[in-house]
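**Student:** Given the coordinates of chain A, assemble chain B onto it according to the supplied hints.
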Amino acid sequence: MDYREKIARRVAMELEDGDIVNLGIGMPTMVANYVSDDIEVILQSENGFIGMGTAPKAGEEDKDLVNAGAMPVTVKKGACFFDSATSFVIIRGGHVDATVLGALQVDAKGNLANWMIPGKMVPGMGGAMDLVVGAKKVIIAMEHTAKGRPKILKECTLPLTAAGEVDLIVTEMGVMEVTDKGLVLKEIAEGVTVDEIKAATEADLIIPSDLKQMNV
Amino acid sequence: MSKVVELERVLELVKDGMVVMIGGFLAVGTPETIIDKLVEKGVKDLTIICNDTAFPDKGIGKLVVNKQVKRVITSHIGTNPETGRQMNAGEMEVDLVPQGTLAERIRAAGAGLGGILTPTGIGTVVEEGKEKILVNNKEYLLELPLKADIALLRGSKVDAKGNVWYNNATRNFNPLMATAADVVIVEAEEIVETGDIDANNVVTSGIFVDYIVKEGK
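These protein sequence lines are chains A and B, in that order. -14 is the number of the first residue of the first sequence in the working numbering; add one for each residue after it. 2 is the number of the first residue of the second sequence in the working numbering; add one for each residue after it.
Hint data in this document are derived by calculation from the structure and do not stem from the laboratory. For glycine and all other residues, C-beta sits at the position ideal for the given N, C-alpha and C. Each hint should be verified, as a subset may be incorrect.
No more than 25 Å apart at the CA atoms, straight line, and that leaves these computed lysine-lysine pairs for PhoX-like [claimed, not checked]: (1) A:Lys94 x A:Lys197; (2) B:Lys158 x A:Lys61; (3) B:Lys68 x A:Lys122; (4) B:Lys133 x A:Lys94; (5) A:Lys105 x B:Lys71; (6) A:Lys94 x B:Lys139; (7) B:Lys59 x A:Lys42; (8) B:Lys71 x A:Lys48; (9) B:Lys158 x A:Lys62; (10) B:Lys38 x A:Lys48; (11) A:Lys105 x B:Lys139; (12) B:Lys215 x A:Lys48; (13) A:Lys122 x A:Lys48; (14) A:Lys166 x B:Lys139.
Just some of the chain A residues that point at chain B, by a computed CB distance under 10 Å [to be verified]: (15) Ser30; (16) Phe34; (17) Met101.
One chain only, chain A, in its complex shape (with noise of 0.2 Å):
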């Protein structure tokens, strides 16, 4: 299993029966595959619907039903749509049970940095910063480094999407969950040990007495 597909996977683990979710593009998008048959998870897209459906079949593409990244989607039956307004209403009004996201950089603090890299990449906030802040669970969901380097830091340097909102990160290495006293290390990804994920994590790890191999 590829690096993605397990944090996928682990990350749909999270979700409970009935929970309204946005995912947002790239990795967070693959975390719908890999929800139980056994719950429904409502997805929320905030380009203006609720009640996302998959990818339709080749040739069955509807020019105006997108995703929030322009691609093709359905909906399922019960789906509606509405008006950017309304989408953030859902959004920021706390509507929401969970997010998940990508990270470039994320902190001790629950701190979370995705939208710039000053002077090389600024794709601007999209719905980020609103969905951060009005969703009830923040899950991030991203490779445990960037090219060998530490993305979860004692403190994020690039620019903010929002402040203290991050709930649980979920790496190919481990889950880890913010909490006021740091992060606490939940599960460990079976062939890692706890030296491994230490050397590759910036920020202190708590290390609890029931740590938990992590399952998918």
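**Tutor:** Same frame as chain A, now just chain B:
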């Protein structure tokens, strides 16, 4: 009185230096025909208010590539490398606004509000230069209304009175922008008889719409 006019008529209304709102999300729900004609006409120094600058060959991106935009107020430019290039070269001013804040600032202008209070952007560069207001011990940013001279919108079905129905995800910023500009022009995928859109399904009332043009002409 029918609001349906020839494309040429509305193109005359868009002048150099104007503030123009354009509907759409990554070019879905964007009036492509009007944009193509504005590119041909070459109107310049526009300030564009839009969700994103789409793609170099699609939607608002075409105005950017043709260097007709002086300033853009938007939430995302990542899908159009030319926007980033012009920004870095100092050829175009880019104001990045969180998407939900952008929607509410437009809505505020249309609704006659003096601004909105949002927690989005607190603790980030977005808060720089803005007033913070404490309500029930929680900090909010005061974000000001955004108005335009002209709104260029796209409707799936539009009747002669300007009532608009939007198909699927084409709605996005269109209904908000319809309320927040001095002149509102809707490009219709299909123009129908007044009454053909059931009143229950009208999303934008014709009272907001000044002109209707047919797409593809």
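**Student:** Under the criterion that the straight-line Cα-Cα distance not exceed 25 Å, is the pair Lys38 (chain B), Lys48 (chain A) satisfied?
**Tutor:** The hint holds at about 22 Å.
**Student:** Let's test the interface hint: is any C-beta of chain B closer than 10 Å to that of Ser30 (chain A)?
**Tutor:** holds (7 Å)
**Student:** Keeping to a limit of 25 Å between CA atoms, is the pair of Lys158 (chain B) and Lys61 (chain A) held or broken?
**Tutor:** holds (23 Å)
**Student:** Between the alpha carbons of Lys94 (chain A) and Lys197 (chain A), is the straight-line distance 25 Å or under?
**Tutor:** holds (23 Å)
**Student:** Have a go at the Phe34 (chain A) hint: is there a Cβ in chain B nearer than 10 Å to its own Cβ?
**Tutor:** Because about 6 Å separates Phe34 (chain A) from the closest Cβ in chain B, which is inside the 10 Å limit, the hint holds.
**Student:** Do the alpha carbons of Lys94 (chain A) and Lys139 (chain B) lie within 25 Å of each other, as the hint requires?
**Tutor:** holds (19 Å)
**Student:** For a C-alpha distance cap of 25 Å, please report whether Lys158 (chain B) and Lys62 (chain A) respect it.
**Tutor:** Status holds; Cα separation ~23 Å.
**Student:** Tell me if the straight-line CA distance from Lys166 (chain A) to Lys139 (chain B) falls inside 25 Å.
**Tutor:** holds (23 Å)
**Student:** Check the hint pairing Lys59 (chain B) with Lys42 (chain A) against an upper bound of 25 Å on the C-alpha distance.
**Tutor:** holds (24 Å)
**Student:** With the threshold set at 25 Å, check whether the alpha-carbon distance from Lys215 (chain B) to Lys48 (chain A) stays at or below it.
**Tutor:** holds (18 Å)
**Student:** Are the Cα positions of Lys122 (chain A) and Lys48 (chain A) separated by 25 Å at most?
**Tutor:** Not OK: Lys122 (chain A) and Lys48 (chain A) at ~32 Å, beyond 25 Å, violated.
**Student:** Lys133 (chain B) and Lys94 (chain A): Cα distance at most 25 Å?
**Tutor:** Given that 25 Å is the threshold and the Cα spacing comes to 22 Å, the pair holds.
Violation of the numbered hints given earlier is confined to hints 3, 8, 11, 13; the remaining hints are satisfied by the structure.
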